[in-house]
Amino acid sequence: MDEKKRKIHAFAARAIFIIALLLIWEYVARSGMMGEKSELIFPSLEAIGDAFIRNFIQGYAGISLWVYIGNSMRLLLEGLLIGILLAFLLSGLSMVSQTFYDICNLVISVFDLLPGVALLPVVIIIFGVKPGVIVFLVVHAVLWPMSRNVLDGFLAVPKIYVEAGMNMGLKGASLLWGVYFPAATSYIVSGLKVGWARAWRGLLSAEMIFGVASCPGIGLFINQMRTNMNNAEMYATLVVIIIIGLVVQYGVLSPIENCTVKKWGMSK
Amino acid sequence: MKKKILALATCICLAVSLAGCGGKEESRETSGGQEESADKEAATLNIAYQYGVAYAPLSIVKEQGLIEKAYEEAAGKKVTVTWNQMSSGADINTGISAGSIDAGFMGAAPAITGVTKGVGYKIFTNLSGQEHGLMTNDENIQSFEDLIGSSNQIALVNIGSIQHIMLAMALENAGYDPHALDANIVAMAHPDGMAALESGNASCHLTSNPYIFKERQEENLHEIMDVTNAWGIDDTFIVGVASETMHDNDPELYQALCGAIEEAVDFINGNPEEAAKITCEFDGNSEEEELEYIQKSKYSIETSHLFELASFMARTDFIETAPESYEDLVFDNVSGD
Numbered sequence: 009m010d011e012k013k014r015k016i017h018a019f020a021a022r023a024i025f026i027i028a029l030l031l032i033w034e035y036v037a038r039s040g041m042m043g044e045k046s047e048l049i050f051p052s053l054e055a056i057g058d059a060f061i062r063n064f065i066q067g068y069a070g071i072s073l074w075v076y077i078g079n080s081m082r083l084l085l086e087g088l089l090i091g092i093l094l095a096f097l098l099s100g101l102s103m104v105s106q107t108f109y110d111i112c113n114l115v116i117s118v119f120d121l122l123p124g125v126a127l128l129p130v131v132i133i134i135f136g137v138k139p140g141v142i143v144f145l146v147v148h149a150v151l152w153p154m155s156r157n158v159l160d161g162f163l164a165v166p167k168i169y170v171e172a173g174m175n176m177g178l179k180g181a182s183l184l185w186g187v188y189f190p191a192a193t194s195y196i197v198s199g200l201k202v203g204w205a206r207a208w209r210g211l212l213s214a215e216m217i218f219g220v221a222s223c224p225g226i227g228l229f230i231n232q233m234r235t236n237m238n239n240a241e242m243y244a245t246l247v248v249i250i251i252i253g254l255v256v257q258y259g260v261l262s263p264i265e266n267c268t269v270k271k272w273g274m275s276k
Numbered sequence: 057m058k059k060k061i062l063a064l065a066t067c068i069c070l071a072v073s074l075a076g077c078g079g080k081e082e083s084r085e086t087s088g089g090q091e092e093s094a095d096k097e098a099a100t101l102n103i104a105y106q107y108g109v110a111y112a113p114l115s116i117v118k119e120q121g122l123i124e125k126a127y128e129e130a131a132g133k134k135v136t137v138t139w140n141q142m143s144s145g146a147d148i149n150t151g152i153s154a155g156s157i158d159a160g161f162m163g164a165a166p167a168i169t170g171v172t173k174g175v176g177y178k179i180f181t182n183l184s185g186q187e188h189g190l191m192t193n194d195e196n197i198q199s200f201e202d203l204i205g206s207s208n209q210i211a212l213v214n215i216g217s218i219q220h221i222m223l224a225m226a227l228e229n230a231g232y233d234p235h236a237l238d239a240n241i242v243a244m245a246h247p248d249g250m251a252a253l254e255s256g257n258a259s260c261h262l263t264s265n266p267y268i269f270k271e272r273q274e275e276n277l278h279e280i281m282d283v284t285n286a287w288g289i290d291d292t293f294i295v296g297v298a299s300e301t302m303h304d305n306d307p308e309l310y311q312a313l314c315g316a317i318e319e320a321v322d323f324i325n326g327n328p329e330e331a332a333k334i335t336c337e338f339d340g341n342s343e344e345e346e347l348e349y350i351q352k353s354k355y356s357i358e359t360s361h362l363f364e365l366a367s368f369m370a371r372t373d374f375i376e377t378a379p380e381s382y383e384d385l386v387f388d389n390v391s392g393d
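Protein chains in written order, with this note's numbering: chain A, 9 to 276; chain B, 57 to 393.
These are calculated hints, taken from the structure and not from any lab test. Since this is a predicted model, take the numbers as computed values, not measurements. Keep in mind that a hint or two might mislead.
A few chain A residues that don't get close to chain B, going by computed Cβ distances all over 10 Å [to be verified]:
(1) M42
(2) F108
(3) V118
(4) D120
(5) F218
(6) R234
(7) G253
(8) T268
(9) W272
Taking beta-carbon pairs under 8 Å as the criterion, some of the chain A residues facing chain B (in silico) [unchecked claim]:
(10) G43
(11) E44
(12) L48
(13) I49
(14) S52
(15) L53
(16) A55
(17) M81
(18) R82
(19) T107
(20) V125
(21) L128
(22) V220
(23) T235
Only pairs whose alpha carbons sit at most 25 Å apart, straight line, appear in this in silico SDA-like list of lysine to any residue [unchecked claim]:
(24) B:K173 x A:A37
(25) A:K138 x B:A245
(26) B:K118 x B:N341
(27) B:K173 x A:M41
The beta carbon of each residue, even a glycine, is placed where N, CA and C say it ideally should be.
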């Protein structure tokens, strides 16, 4: 019962917070606080709502926003999947080989600092001009923070667990799978959260700079709306981005958290 | 119960403070430019410009303090001019509509979009015309015929940019649908596009001075002339826009701005060598290169084919509302067509 109350309370607090924010937005939009051109740069909720529907019906250049979302999600999933697999591979190998760990640690520290879009010129020369460039940038966005988290998780596994595992005859891959993975799950889950957010942002910024017209994504859509001064449409697209983010957060990541670390009592 | 009310109050306070911060800051920016420029004591002028040899006269205006001089002569007062380098016409459009920028320099296409969208500015001068061209590294591509329906990619700066519109114009001139090549476009910055073309990753690159000159020197690249002929060096490429508020509230400052641009354009046309010395530093070129690029540009305060461009953009759905006349686009003092 207590749990239920807590949930209702959380829901109510969030709902009130959001409603208050929206009311303030509407007040600012209608009061003309933003100068004469307020309507153009700070559209009212009604205008944004209309634009939201228009985005899906008319879209831009005769293509509905659905298509843009579909393209973005496809590239994102591809990049995310490759990034996560590589992150596990890198951190797994690092635990097996000391030399690999030394190099990997350096590589992660170096590349985590580089913004993906700054690598664009090099990536274009290597990969050519195709949607694969975006996938690469998504991989770059997710791989390093995720590897860092997983690696930290592996390093935080108590030595006694590892020795117990070794006593049972586990080594190499079986040690990784039998001891390191389960013991580091909370780090891995938080790595997934960070990785997902980084990938999503990396995707959008890459698409805003590098737009492949044959495979247009959400970033390109935002850029077009900005170029054409359709600010209501642009804000509506930001709302779409937030909604997708929330759906993934509560629809995918939370359930994973619930049936692993929370169920096992590793975190609250 | 008390606790609940407290929690509710916290929520609202938090929301108010969040939104409040943003609001206050932006409204401060709003009042900044306009009101002070109307204020007779200390006038300020916020100018936004972009990077490259097409904007060369602005470096002269900035270096020689031409606006400050002209304003002091006309009004007997000082003006503080702030120069902001921005990366796209869309950013400048937002800045002007928010009131934080009084005048800006950008491509003709975003300026026409801004005027017809009601951002609250008009074009007050032409600045420059440049050469543009569509370069390709594929010998099999000789005309649009070879590109339409193919998977060849055309690198250009942005969808809806002036380069994209040139492509549409050239297609229409050649008797094709102006949007026939839209799906072949890959949007990327000029230097990235040049790298992609030279490394063979993209088959075509539609670009402008100075990249077009660098690419014309490469032996394995050739030019598809339709684009070059569609919108040339004599046609308006970069324009200056000024907010209507500034134009109406401080006519002396507006005149000083127009006069300064004209003076700089005359200077650059009359003494290209001296001009190159001043501007090469800002553009990151050697003096010889800069001089070459300046001589290959056309600086003029008279617009050319501007209304034709706007009508074309409206007809081919680059903008939603068509301007009715040339006068809708520019202030009274601007000459040209």
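Checked hints:
A beta-carbon of chain B comes within 10 Å of the beta-carbon of A:M42; the shortest separation is about 6 Å. No Cβ of chain B comes within 10 Å of the Cβ of A:F108; the nearest lies about 32 Å off, and the non-interface call holds. For A:V118, the condition that its CB be more than 10 Å from all CB atoms of chain B holds, with the nearest at approximately 23 Å. The claim that A:D120 lies off the interface holds: its Cβ sits roughly 23 Å from the closest Cβ of chain B, which is beyond the 10 Å cut-off.
A cut-off of 10 Å between C-beta atoms contradicts the statement that A:F218 is not in contact with chain B; the least separation is 5 Å. Against the 10 Å criterion, A:R234 falls within the reach of chain B, whose nearest CB is about 5 Å from its own CB. Every CB of chain B lies more than 10 Å from the CB of A:G253, the least distance being 18 Å, so the non-interface label holds. With a closest Cβ-Cβ approach of about 31 Å to chain B, A:T268 is found to remain outside the 10 Å limit, as its non-interface label requires.
Under the 10 Å C-beta cut-off, the non-interface status given to A:W272 relative to chain B holds; the minimum distance is some 31 Å. At its closest, the beta carbon of A:G43 sits 4 Å from a beta carbon of chain B; the interface hint therefore holds under the 8 Å criterion. The restraint placing A:E44 at the interface with chain B holds, with a minimum CB-CB distance near 6 Å, inside the 8 Å limit. Nearest Cβ of chain B to the Cβ of A:L48: about 5 Å, under the 8 Å cut. The hint holds.
Taking 8 Å as the C-beta cut-off, the interface hint given for A:I49 holds, the closest approach to chain B being about 5 Å. The closest approach between the C-beta of A:S52 and any C-beta of chain B is roughly 14 Å, which is over the 8 Å cut-off, so the hint fails. For the restraint placing A:L53 at the interface with chain B, the shortest Cβ-Cβ distance is roughly 13 Å, beyond the 8 Å limit, so the hint is violated. For A:A55, the shortest C-beta to C-beta distance to chain B is roughly 14 Å, which exceeds 8 Å, and the interface hint is violated.
A hinted interface residue such as A:M81 counts as satisfied when its beta carbon comes closer than 8 Å to some beta carbon of chain B; here the least separation is about 20 Å, so the hint is violated. The beta carbon of A:R82 is not positioned within 8 Å of any beta carbon in chain B (closest approach about 17 Å), and the interface hint is therefore violated. Hint on A:T107 is violated. Least Cβ distance to chain B is approximately 34 Å, over the 8 Å limit. For A:V125, the shortest C-beta to C-beta distance to chain B is roughly 10 Å, which exceeds 8 Å, and the interface hint is violated.
Interface restraint check: A:L128 against chain B, minimum CB-CB distance 6 Å, threshold 8 Å, status holds. Using the Cβ-Cβ criterion of 8 Å, the hint placing A:V220 at the interface with chain B is satisfied: the shortest such distance is roughly 5 Å. The interface hint given for A:T235 holds, since its Cβ lies 5 Å from the closest Cβ of chain B, which is under the 8 Å cut-off. For the given pair, B:K173 sits about 18 Å from A:A37 by alpha-carbon distance, which is consistent with the 25 Å threshold.
Under the criterion of a C-alpha separation no larger than 25 Å, the hint pairing A:K138 with B:A245 is consistent with the structure, at around 15 Å. For the given pair, B:K118 sits about 18 Å from B:N341 by alpha-carbon distance, which is consistent with the 25 Å threshold. Between B:K173 and A:M41 the CA atoms are separated by roughly 20 Å; this keeps the pair inside 25 Å, and the hint holds.
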